[in-house]
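Under the working numbering, think of the first position of the sequence shown as 31, with each following residue one higher.
The hints are simulated quantities; they were obtained by calculation from the structure and are not laboratory data. Treat the hints with care, as some may be off.
Unchecked claim - In silico DMTMM-like pairs for lysine to aspartate or glutamate, Cα to Cα no more than 20 Å straight-line:
#, residue 1, residue 2
1, Lys75, Asp64
2, Lys70, Asp103
3, Lys70, Glu107
4, Lys75, Glu107
5, Lys70, Glu83
Since we're looking at a predicted model, the values are computed, not measured.
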Amino acid sequence: MAEDIKTKIKNYRTVPFDSRFPNNTRNCWQNYLDFHRCEKAMNAKGGDVSVCEWYWRVYKSLCPISWVSAWDDCQAEGTFPGKT
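With the hints as extra help, turn the sequences into a complete structure.
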């Protein structure tokens with residue numbers, strides 16, 4: 031399974047269509063949360079964090095830089111509204 035994920039990441043070009051998200055705003059938010067949840071879980075288990083790279087690539091390509099920077103600041107301050 032890890033090989034399959036690494037292959038997908040290697041071949042990543044653009045965000046694939048996801049019918050759960052009719053707009054990219056929600057898709058951006060969800061992938062930002064998923065990346066941080068994945069990273070937190072993998073660190074807790076002592077696993078390989080590179081499997082979380084897919085979420086990172088998706089939110090980096092969808093989310094405006096200003097949003098990501100504001101969310102990162104909120105996380106650092108402990109005021110982030112999402113559950114990560």
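Here is how each hint holds up against the structure:
Only pairs whose Cα atoms come within 20 Å are accepted, and lysine 75 paired with aspartate 64 is accepted, the gap being roughly 16 Å. The straight-line distance between the Cα atoms of lysine 70 and aspartate 103 is roughly 17 Å, inside the 20 Å bound, and the hint therefore holds. For the suggested pair lysine 70 and glutamate 107, the alpha carbons sit about 17 Å apart, so the restraint of at most 20 Å is met. For the given pair, lysine 75 sits about 25 Å from glutamate 107 by alpha-carbon distance, which is inconsistent with the 20 Å threshold.
For the suggested pair lysine 70 and glutamate 83, the alpha carbons sit about 13 Å apart, so the restraint of at most 20 Å is met.
Checked against the numbered hints above, the structure breaks only hint 4 and satisfies the rest.
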